[in-house]
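Make a model of the complete structure from these sequences and hints.
Read top to bottom, the protein sequences are chains A and D.
Residues in the first sequence are numbered from 1 upward in steps of one, following our numbering.
Residues in the second sequence are numbered from 1 upward in steps of one, following our numbering.
Note that these hints are calculated values from the structure, not bench results.
What you are looking at is a predicted structure, and each value in this text was computed from that prediction instead of being measured.
Worth double-checking, as some hints may not be accurate.
Now the stretches of chain D that chain A is said to cover, found in silico as 3 or more residues with beta-carbon under 8 Å [to be verified]: (1) 49-63; (2) 86-93; (3) 106-116; (4) 161-168.
Here are the simulated lysine to any residue pairs, SDA-like style, with alpha carbons at most 25 Å apart [said to hold, decoys possible]: (5) D:LYS106 x A:ARG235; (6) A:LYS105 x A:ALA290; (7) D:LYS106 x D:SER183; (8) D:LYS106 x A:VAL327; (9) D:LYS106 x A:LEU330; (10) D:LYS246 x D:PRO236; (11) D:LYS106 x A:TYR218; (12) D:LYS106 x A:THR232; (13) D:LYS106 x A:ALA212; (14) D:LYS106 x D:GLY149; (15) D:LYS106 x A:PRO239; (16) D:LYS106 x A:GLU332; (17) D:LYS106 x A:SER217; (18) A:LYS150 x D:LEU63; (19) D:LYS106 x A:GLU220; (20) D:LYS106 x A:ARG329; (21) D:LYS106 x A:TRP230; (22) D:LYS106 x A:LEU325; (23) D:LYS106 x D:GLU143; (24) D:LYS201 x A:GLU220; (25) D:LYS106 x A:ARG333; (26) D:LYS106 x A:VAL214; (27) A:LYS150 x D:ILE64; (28) D:LYS106 x A:ALA322; (29) D:LYS106 x A:LEU242.
Cβ pair distances, simulated, as ranges [to be verified]: (30) A:LEU321 x D:GLY149: 24 to 30 Å; (31) D:ALA65 x A:ALA322: 39 to 45 Å; (32) D:LEU63 x A:THR326: 31 to 37 Å; (33) D:GLY120 x A:GLY181: 45 to 51 Å; (34) D:LEU63 x A:PHE53: 49 to 55 Å; (35) D:ALA65 x A:LEU155: 22 to 28 Å.
Even for Gly, the Cβ is constructed at its ideal location relative to N, Cα and C.
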Amino acid sequence: MNESTAARPRALDAVAAASSESRRRAARRAESLFGAVVRTAAFAAILVIVLIFVFVGREALPLLWQDATPGHESETVTWSSLAGPTTYPDRPPRHVWQPVSTVPKYNLAPLVVGTLKTTLVAILFAGPLAVLAAILTSEFAPRWVSQVVKPTIELLAGIPSVVLGFFALMVLATWLQQILGVRYRLNALTAGIGLGIAVIPIIYTVAEDALAAVPRSYREASYALGASRWETAVRIVVPAALPGIFAGLALGFGRAVGETMIVLMASGNAALTTWPLTDSVRTLSATIAAELGEVVFGGPHYRVLFLLGVLLFLFTFAVNLAGELTVRRLRERLGGRA
Amino acid sequence: MDAGAEATPVKVSARDLDVFYGATQALHGITLDARANRVTALIGPSGCGKSTFLRSINRMNDLIAGMRRQGTILLDGRDIHDPDVDVVDLRRRVGMVFQRSNPFPKSIYENVAYGPRIHGVSDRTTLDEIVRTTLEQAALWDEVKDRLGASALSLSGGQQQRLCIARALAVEPEVLLMDEPASALDPLATARIEELIHELKERYTILIVTHNMQQAARVSDTTAYFYMGRLVEMGPTAQIFTNPSKQETEDYITGRFG
Chain A
1 MNESTAARPR ALDAVAAASS ESRRRAARRA ESLFGAVVRT AAFAAILVIV
51 LIFVFVGREA LPLLWQDATP GHESETVTWS SLAGPTTYPD RPPRHVWQPV
101 STVPKYNLAP LVVGTLKTTL VAILFAGPLA VLAAILTSEF APRWVSQVVK
151 PTIELLAGIP SVVLGFFALM VLATWLQQIL GVRYRLNALT AGIGLGIAVI
201 PIIYTVAEDA LAAVPRSYRE ASYALGASRW ETAVRIVVPA ALPGIFAGLA
251 LGFGRAVGET MIVLMASGNA ALTTWPLTDS VRTLSATIAA ELGEVVFGGP
301 HYRVLFLLGV LLFLFTFAVN LAGELTVRRL RERLGGRA
Chain D
1 MDAGAEATPV KVSARDLDVF YGATQALHGI TLDARANRVT ALIGPSGCGK
51 STFLRSINRM NDLIAGMRRQ GTILLDGRDI HDPDVDVVDL RRRVGMVFQR
101 SNPFPKSIYE NVAYGPRIHG VSDRTTLDEI VRTTLEQAAL WDEVKDRLGA
151 SALSLSGGQQ QRLCIARALA VEPEVLLMDE PASALDPLAT ARIEELIHEL
201 KERYTILIVT HNMQQAARVS DTTAYFYMGR LVEMGPTAQI FTNPSKQETE
251 DYITGRFG
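This is the structure in structure tokens:
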């Protein structure tokens, strides 16, 4: 033992004594146990998602290799009948979803169009509102206003979607009909705005967090150059928060695509393949919810509904992936690896 | 170094300035003159009010809720709190460089062009010219001229700080406030910043807060020693460092406390 160790305060000797070999070994064991638990939990979450996809896919896949039952050829689902229009001898060909007619027609176009229309309306309605509200509360509003607005919008996330659907069905639809004078109360616009209300808190929360995370030093530097609040918000803070704002929009889009109850109640559920937003629509999610309870187990209709599920899954997955990639690219551009 | 001896006009002048944050008084009756084309160093232990004083000159403290002020600051003899003084214009005339380099997450070019843009310059050739000359003034041009479009965050710490100086210079300020501009830098980068300060004082009035005694001695003409929100002593740097008139000042400078 040299002098410096001897002169050490006694408390430090206690630390050295406590960190004996056996203790350290115990600590290492706890460490590795903890790591294993975390890893297991993470993999379990991934596994659940994969399994959902596998089981949904397994119900849909037999569509691909099933043979036509003799005498029931017309009921067989083919790729061309899923994607192409139905032809008629006396009328122009149309995209039709009529799963329970004598000759069932399983064309997916009306459902995909319906889903895109409501989702688009929802994002166009909720996106600007939520992002502007986030900018307002984080950059401009006095403290007390933010403290009221923020929890209120977040509370919106807690409203059950069936309640929002009811609101869209009873109140919103009437208002829109009175304002726009449309023929059908329940249409893509009504359902889309109803959806938008459900999506606002998601976009708002993520965007608000992103804006709040912009370092104060950016704002200070901007003010010190003589920039006003507006200039600072628009030119510095919002661009710096753009990855987060974009992530919020992608998340909102995913929710809007998958949301079921609101569109089931407020969209009119007519499987039309038309452009106007004031026509009724039927979405992928609402179709599954409305029809799955009444199909023949294992039949073509049943399988097609699961195919819709796969489609929905791939849709949300693609949106989230695209969102994630965009966010990453934006972040890299801002973050100095340019 | 004795350039401070010959008098140039007073540029910034504080008169009995009191600043309060809520109930605590951060500055007590500061009266201080900073002369044009001179470097005035503000020294003192942490929390002594030197940064608060610096941030009063471009009214950055206005942004802090609960800030209250008595007394005044004159810029070229005019009260900066006068109702018809525009804060935007004041901050254009009084530039600021912060302790931690804080370039915007934009390109090098856009960082420098930001100030001129918000003050209404949109002509591309003018902007190019401003970017070039200010980066040259900040001794950064040669290092970045081939990658003006690269993100400012890809620069080293010292380069980032010089970029921040260039950004501050781009709006043609008259006064430059520097809040410990080199405290987060390595010795080499610090030396470059100090060299730069020397060159910049030809054109600007500089007030610099620093914790580094040697730095204050090297770069400044006048030194002001703050303690507990009061201005203890102010005088030519050479005199403050060799022969301070107050015992407190000597104790701090010789490192007996602080």
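To see whether the hints hold, each was checked on the structure:
{"no.": "1", "hint": "49-63", "in the structure": "holds (count 3)"}
{"no.": "2", "hint": "86-93", "in the structure": "holds (count 6)"}
{"no.": "3", "hint": "106-116", "in the structure": "holds (count 4)"}
{"no.": "4", "hint": "161-168", "in the structure": "holds (count 3)"}
{"no.": "5", "hint": "D:LYS106 x A:ARG235", "in the structure": "holds, 10 Å"}
{"no.": "6", "hint": "A:LYS105 x A:ALA290", "in the structure": "holds, 17 Å"}
{"no.": "7", "hint": "D:LYS106 x D:SER183", "in the structure": "holds, 24 Å"}
{"no.": "8", "hint": "D:LYS106 x A:VAL327", "in the structure": "holds, 16 Å"}
{"no.": "9", "hint": "D:LYS106 x A:LEU330", "in the structure": "holds, 11 Å"}
{"no.": "10", "hint": "D:LYS246 x D:PRO236", "in the structure": "holds, 14 Å"}
{"no.": "11", "hint": "D:LYS106 x A:TYR218", "in the structure": "holds, 11 Å"}
{"no.": "12", "hint": "D:LYS106 x A:THR232", "in the structure": "holds, 14 Å"}
{"no.": "13", "hint": "D:LYS106 x A:ALA212", "in the structure": "holds, 19 Å"}
{"no.": "14", "hint": "D:LYS106 x D:GLY149", "in the structure": "holds, 9 Å"}
{"no.": "15", "hint": "D:LYS106 x A:PRO239", "in the structure": "holds, 9 Å"}
{"no.": "16", "hint": "D:LYS106 x A:GLU332", "in the structure": "holds, 11 Å"}
{"no.": "17", "hint": "D:LYS106 x A:SER217", "in the structure": "holds, 14 Å"}
{"no.": "18", "hint": "A:LYS150 x D:LEU63", "in the structure": "holds, 22 Å"}
{"no.": "19", "hint": "D:LYS106 x A:GLU220", "in the structure": "holds, 16 Å"}
{"no.": "20", "hint": "D:LYS106 x A:ARG329", "in the structure": "holds, 14 Å"}
{"no.": "21", "hint": "D:LYS106 x A:TRP230", "in the structure": "holds, 18 Å"}
{"no.": "22", "hint": "D:LYS106 x A:LEU325", "in the structure": "holds, 20 Å"}
{"no.": "23", "hint": "D:LYS106 x D:GLU143", "in the structure": "holds, 17 Å"}
{"no.": "24", "hint": "D:LYS201 x A:GLU220", "in the structure": "holds, 24 Å"}
{"no.": "25", "hint": "D:LYS106 x A:ARG333", "in the structure": "holds, 8 Å"}
{"no.": "26", "hint": "D:LYS106 x A:VAL214", "in the structure": "holds, 14 Å"}
{"no.": "27", "hint": "A:LYS150 x D:ILE64", "in the structure": "holds, 22 Å"}
{"no.": "28", "hint": "D:LYS106 x A:ALA322", "in the structure": "holds, 23 Å"}
{"no.": "29", "hint": "D:LYS106 x A:LEU242", "in the structure": "holds, 12 Å"}
{"no.": "30", "hint": "A:LEU321 x D:GLY149: 24 to 30 Å", "in the structure": "holds, 29 Å"}
{"no.": "31", "hint": "D:ALA65 x A:ALA322: 39 to 45 Å", "in the structure": "holds, 41 Å"}
{"no.": "32", "hint": "D:LEU63 x A:THR326: 31 to 37 Å", "in the structure": "holds, 33 Å"}
{"no.": "33", "hint": "D:GLY120 x A:GLY181: 45 to 51 Å", "in the structure": "holds, 47 Å"}
{"no.": "34", "hint": "D:LEU63 x A:PHE53: 49 to 55 Å", "in the structure": "holds, 51 Å"}
{"no.": "35", "hint": "D:ALA65 x A:LEU155: 22 to 28 Å", "in the structure": "holds, 27 Å"}
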